[in-house]
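Q: Let the sequences and hints guide you as you build the complete structure.
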Amino acid sequence: LAKTTQPISMDSYEGQEVNITCSHNNIATNDYITWYQQFPSQGPRFIIQGYKTKVTNEVASLFIPADRKSSTLSLPRVSLSDTAVYYCLVGVADKLIFGTGTRLQVFP
Amino acid sequence: TAGITQAPTSQILAAGRSMTLRCTQDMRHNAMYWYRQDLGLGLRLIHYSNTAGTTGKGEVPDGYSVSRANTDDFPLTLASAVPSQTSVYFCASSAAGGRGSPLHFGNGTRLTVT
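Just so you know, the protein sequences line up as chains A and B, in that order. Those letters in the first sequence? Residues 170 to 277, by my numbering. Those letters in the second sequence? Residues 264 to 377, by my numbering.
None of these hints come from the bench; they were simulated from the model. Every clue listed holds true.
Facing chain B, according to a computed beta carbon distance under 10 Å, are these residues of chain A, among others:
#: 1; residue: Tyr-201
#: 2; residue: Tyr-205
#: 3; residue: Gln-207
#: 4; residue: Gln-211
#: 5; residue: Gln-218
#: 6; residue: Val-254
#: 7; residue: Tyr-256
#: 8; residue: Leu-258
#: 9; residue: Gly-260
In this text, all values refer to a predicted model and were calculated from it rather than measured experimentally. A virtual CB, placed ideally from N, CA and C, is assigned to each residue, including glycine.
A: Next up, the structure:
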C-alpha cells in the first residue's frame, strides 16, 4: 500500500500563513488528494480536494506539483480555532489510506 | 440532516466478549468505511464497502468483521474482543467509492476492552 508522510507537528501564530506538506510517492494516476481537519472528540472534516495544480476554496488552498508526488495545504491567516490535526488522504486501489496527521498548534 | 450516526458513543467491554458497533447513514452514499484511531497512529482503515453487498479488507482487518446488507447500514463486529482493540472507531461514507468523493465521518465510538 502507498504511504503518505506528513510532519508530526507544527506551531504558528494567529494571522500567519501555514503550509503543511504531504508526501505520497506511490499515488495512482486516478487518485485525488484530499485534506481533512480533526478536532478532539470529533470525526475528521473535509477541507479541500484536488487532482493537480492549484485548488482554492473559502478556507484553504491546495498546491499539487506536476509529478503529484506531494501536496501542500495552505491555510491563510490562521486563528486559534485552526488548532487541530490535519490529515492528507490519497486514494489507493479503493482503499483510502490516511497519512499520519500533522498537529497544528496556533498561539495568540 | 443526521449524516452518519454511530452507536454506542462509548462502551466498556470485557475481553473475550463480542460486540457490534453500529453505523447508519442517511445520505444514500454507495461507499462506507470503518477506521480506528489510536494515539500516535492516526486513522487506520479496518474494512470498507464500495457498494451494498460487497466488502473489503483495509490495513488492519484482523479481529473484525463487517457486513453490508443494505445501503444505509455498515455494522462492525468484534467476535472476541482483546485489549489491543481499545480505540476510537469512526465510521465514514462517500458518494462514489472515495476517489473524488469526500468522506463524511460520524463522531466515533470510544471502546475500552478490559
